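For this one, chain A is given, so just place chain B on it according to the hints.
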Amino acid sequence: MDMSQYLDMFLEESAENLQYLNDGILALEKNPEEKETINSIFRAAHTLKGMAGSMGFSDIAELTHKMENVLDKFRKDELNVTSDVVSVLFKCLDALENMVNAIQEGSDEKFDTKEIIEMLENIQSGKPVDAKKVSEEKNVSGYDLNDYDKEIIKQAQEKNYNVYKIDTTLYKDCVLKSSRAFLVYKTLEENGELIKTIPSTEDLEQENFDRSFTIMLITEKNSDEIKNIVMNISEIEKVEVTELNIEATAEAAPAAEIKTQTVPVENANVNVNGNGNINSNNSNVKTDKEEDKTNRKAHQSIRVDLERLDKFMNLVGELVMHRTRLEQISTDLKMTELHETLEQVGRITSDLQDLVMKVRMLPIERVFNRFPRTVRDLSKELNKEIELIIEGEDTELDRTVIDEIGEPIMHLIRNSADHGIEPVEERVKKGKNPKGIIKLMAYQEGNKAVIRVEDDGKGLDIEKIKNKAKKLGIEVEGMSEADIKNLIFMQGFSTSDKITDVSGRGVGMDVVKTKISSLGGTVDVISEAGKGTAFVIRLPLTLSIIQALLVKIGGETFAISLGFIEKVLTMDVEDIKKTNKKDVIIYRDNIIPIVKLSNKLNIEDENTKQKYIVIVKVGEKTAGLLVDSLLGQQEIVIKPMGRTLQNLKEYVGATILGDGLVTLILNIAAFV
Amino acid sequence: MQIVIFNLGNEKYALTTDIVHGIEKMMSITKVPTAPYYVKGLTNLRGSIITIIDLKTFLNIEHKGQEQNIIVVEIRDERVGFIVDGVDEVVEISDDMIEKVDDNTGFVKGAVNFDKYIVTLLEGEALINR
Numbered sequence: 001m002d003m004s005q006y007l008d009m010f011l012e013e014s015a016e017n018l019q020y021l022n023d024g025i026l027a028l029e030k031n032p033e034e035k036e037t038i039n040s041i042f043r044a045a046h047t048l049k050g051m052a053g054s055m056g057f058s059d060i061a062e063l064t065h066k067m068e069n070v071l072d073k074f075r076k077d078e079l080n081v082t083s084d085v086v087s088v089l090f091k092c093l094d095a096l097e098n099m100v101n102a103i104q105e106g107s108d109e110k111f112d113t114k115e116i117i118e119m120l121e122n123i124q125s126g127k128p129v130d131a132k133k134v135s136e137e138k139n140v141s142g143y144d145l146n147d148y149d150k151e152i153i154k155q156a157q158e159k160n161y162n163v164y165k166i167d168t169t170l171y172k173d174c175v176l177k178s179s180r181a182f183l184v185y186k187t188l189e190e191n192g193e194l195i196k197t198i199p200s201t202e203d204l205e206q207e208n209f210d211r212s213f214t215i216m217l218i219t220e221k222n223s224d225e226i227k228n229i230v231m232n233i234s235e236i237e238k239v240e241v242t243e244l245n246i247e248a249t250a251e252a253a254p255a256a257e258i259k260t261q262t263v264p265v266e267n268a269n270v271n272v273n274g275n276g277n278i279n280s281n282n283s284n285v286k287t288d289k290e291e292d293k294t295n296r297k298a299h300q301s302i303r304v305d306l307e308r309l310d311k312f313m314n315l316v317g318e319l320v321m322h323r324t325r326l327e328q329i330s331t332d333l334k335m336t337e338l339h340e341t342l343e344q345v346g347r348i349t350s351d352l353q354d355l356v357m358k359v360r361m362l363p364i365e366r367v368f369n370r371f372p373r374t375v376r377d378l379s380k381e382l383n384k385e386i387e388l389i390i391e392g393e394d395t396e397l398d399r400t401v402i403d404e405i406g407e408p409i410m411h412l413i414r415n416s417a418d419h420g421i422e423p424v425e426e427r428v429k430k431g432k433n434p435k436g437i438i439k440l441m442a443y444q445e446g447n448k449a450v451i452r453v454e455d456d457g458k459g460l461d462i463e464k465i466k467n468k469a470k471k472l473g474i475e476v477e478g479m480s481e482a483d484i485k486n487l488i489f490m491q492g493f494s495t496s497d498k499i500t501d502v503s504g505r506g507v508g509m510d511v512v513k514t515k516i517s518s519l520g521g522t523v524d525v526i527s528e529a530g531k532g533t534a535f536v537i538r539l540p541l542t543l544s545i546i547q548a549l550l551v552k553i554g555g556e557t558f559a560i561s562l563g564f565i566e567k568v569l570t571m572d573v574e575d576i577k578k579t580n581k582k583d584v585i586i587y588r589d590n591i592i593p594i595v596k597l598s599n600k601l602n603i604e605d606e607n608t609k610q611k612y613i614v615i616v617k618v619g620e621k622t623a624g625l626l627v628d629s630l631l632g633q634q635e636i637v638i639k640p641m642g643r644t645l646q647n648l649k650e651y652v653g654a655t656i657l658g659d660g661l662v663t664l665i666l667n668i669a670a671f672v
Numbered sequence: 001m002q003i004v005i006f007n008l009g010n011e012k013y014a015l016t017t018d019i020v021h022g023i024e025k026m027m028s029i030t031k032v033p034t035a036p037y038y039v040k041g042l043t044n045l046r047g048s049i050i051t052i053i054d055l056k057t058f059l060n061i062e063h064k065g066q067e068q069n070i071i072v073v074e075i076r077d078e079r080v081g082f083i084v085d086g087v088d089e090v091v092e093i094s095d096d097m098i099e100k101v102d103d104n105t106g107f108v109k110g111a112v113n114f115d116k117y118i119v120t121l122l123e124g125e126a127l128i129n130r
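If you read the sequences in order, they're chains A and B.
Per the working numbering, the first sequence starts with residue 1, numbered consecutively.
Per the working numbering, the second sequence starts with residue 1, numbered consecutively.
These aren't lab readings, by the way, just hints derived from the structure by calculation.
Any given hint could turn out to be false.
Cβ pair distances, simulated, as ranges [unchecked claim]:
(1) Q68/B <-> Q206/A: 29 to 39 Å
(2) R76/B <-> N369/A: 52 to 62 Å
(3) N104/B <-> N602/A: 48 to 58 Å
Taking lysine-lysine and the DSS-like style, the derived pairs with C-alpha atoms no more than 27 Å apart in a straight line are [what the hints assert, rightly or not]:
(4) K531/A <-> K466/A
(5) K600/A <-> K31/B
(6) K31/B <-> K609/A
Quick caveat, the model's predicted, so the values are computed rather than measured.
We treat Cβ as the ideally placed atom computed from N, Cα and C, and that holds for glycine.
Just chain A, same shape as in the assembly:
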């Protein structure tokens, strides 16, 4: 065992805590008097510090510690929350984020945190240094405890937790010393918070110790209890529990919060009961309860490697494929018994499939929660007043989509802030609220997830787009206004007069579109001059198993995802009209274009009069696809095509049908 297996967890939890800090400080800036916010960010900083310390990332721990000092000043009302201080804190968070990222990428880049630390120290020393320092300098029982260890011990004692030094000695002939040590370590961890082990956990795991080792623990239990707990582990010769003492300073600290990450659940119950009985003014009990609640929640979930989930999903995909094949065989054989069993199997596979899909789903909050910070920074940078409103952040999407969608949304938000929202004076002149609003919304629509980025800015300038189009040699005559507006997603299309740092380099919008298409989604722009612009992203909820309609075109079978299909019509070929040399039909009082798939795919179609039109909707566009016949609806598993064929834009992939034959899945967006 080595620390690397904890690294992933550390990275993920650090990211969460940093995000939490970002959110919290942002909220604090808006509402400096909110004590609960300060306390909660303080806790997040504390957790981060503890984790970094135990993983041996001392630079992160140190920086967090300094930041915590400043936060502590807020808490004690010794320092006012000002924009300057918040900016320094944000800088500090950015630095921390960079450091965590560097660890993730495995680079051993050293970050110069001196400047930030200095800034933090300056803020901190704006007021006279309190008695804390003095107590910190007292050495604790001769062990080499660093600043934050001492701080933890001090806070724990303020809160009437016990701090023990536990010396454990193993049997002389103990065979698996490291695993015994690990058991002790693990058991104690369940009963409190470990501060330090001597030797280090790494050495313990590698058996780099003789027979005895020392663990320092913060716990609610008394020394006898702890002793018994450790003695219950076999092959332990001797346990000595001694209390560690740092003189608690007379400093009248308000109920100091300490994040006791590992208070066991039984204790939580005791506390709840205790609270009911005592019903006193003890605010500690309340905080404990709250913390325990989050702890209990944490115990109910586990972290799973995404790769395993991917494998799981692939296996379920295979299962679905073979089930379909079996169903086909069963239909051919006409055996009732087989058929009934297969129906059962069918139900179970469907449930399994739903489950694995759900397991992979995450709320889009994960992506959205970084944007308030972005918008705050943007509004400072661009000197505009902008408010971000987020709605529907609990909408769930596949993990793959969540991972990829952040960047395009970020781009759209930057775009809205830079080009959409007007400068304050201009807004006032137009009689608009000086504060611009960017709305970020997510909701589910059928089997699609929709994300909208809206602003109430000046809207797209259609003349500008037309001019730019002409310059690029695009004929805009006869194009609808909506189509013209969607030209902004073309490569090299930026109508911004000046290139700013934020956007306008003409590489943005086409990247947005490419990325979203690669996720099987679409993006459209709706805009009204003077009123604002809305970008609408539509994404499939799941990626790999879809319901599809099988169609025949000139003897070949193709699959079309049901997600795009509005309706299917039967039609006499002669009823297709021509206008402006294009094939169209009238559908629900609208003229919609007809796409002859046989032409697009270079297949001879069957010479029949009676054909089918599949009405599809891609984003805001509707069209009819002409096919020879329909074969019915089926669940299919999308499989990627090999390297040789992957750049064919007509297909999203291929699938294997019940009869074992490979069928291509059409990429409808490429035809409409």
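Frame of chain A, contents of chain B only:
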């Protein structure tokens, strides 16, 4: 090294066995409209979808002979099947038996002289990376 010798039209060709994943009988192949001309289509190889390349069309060999086998090669995690006119045998050769030949396509590793006939040894990786 081991090579697998097969027929394409009137000539004999070979691939080194280290890239050969298996030899299959002809299977039903789904056409892929709009694919490059030498791609015959896709097939279902025990649950995974692989691309099938018509090796005769690819190498510009006259279409004679019965297409009998698909040689499935695996290069960098990608599996591709080559249609050939029957597989002859697998033989062990030494490196010095490979003679350099004039070749401007990059698909040919060399030629091996077996007295009775000459075998053209193909470069599997180059065939896929076109």
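These are the hints, each one checked on the structure:
no.	hint	in the structure
1	Q68/B <-> Q206/A: 29 to 39 Å	60 Å, violated
2	R76/B <-> N369/A: 52 to 62 Å	39 Å, violated
3	N104/B <-> N602/A: 48 to 58 Å	31 Å, violated
4	K531/A <-> K466/A	20 Å, holds
5	K600/A <-> K31/B	15 Å, holds
6	K31/B <-> K609/A	25 Å, holds
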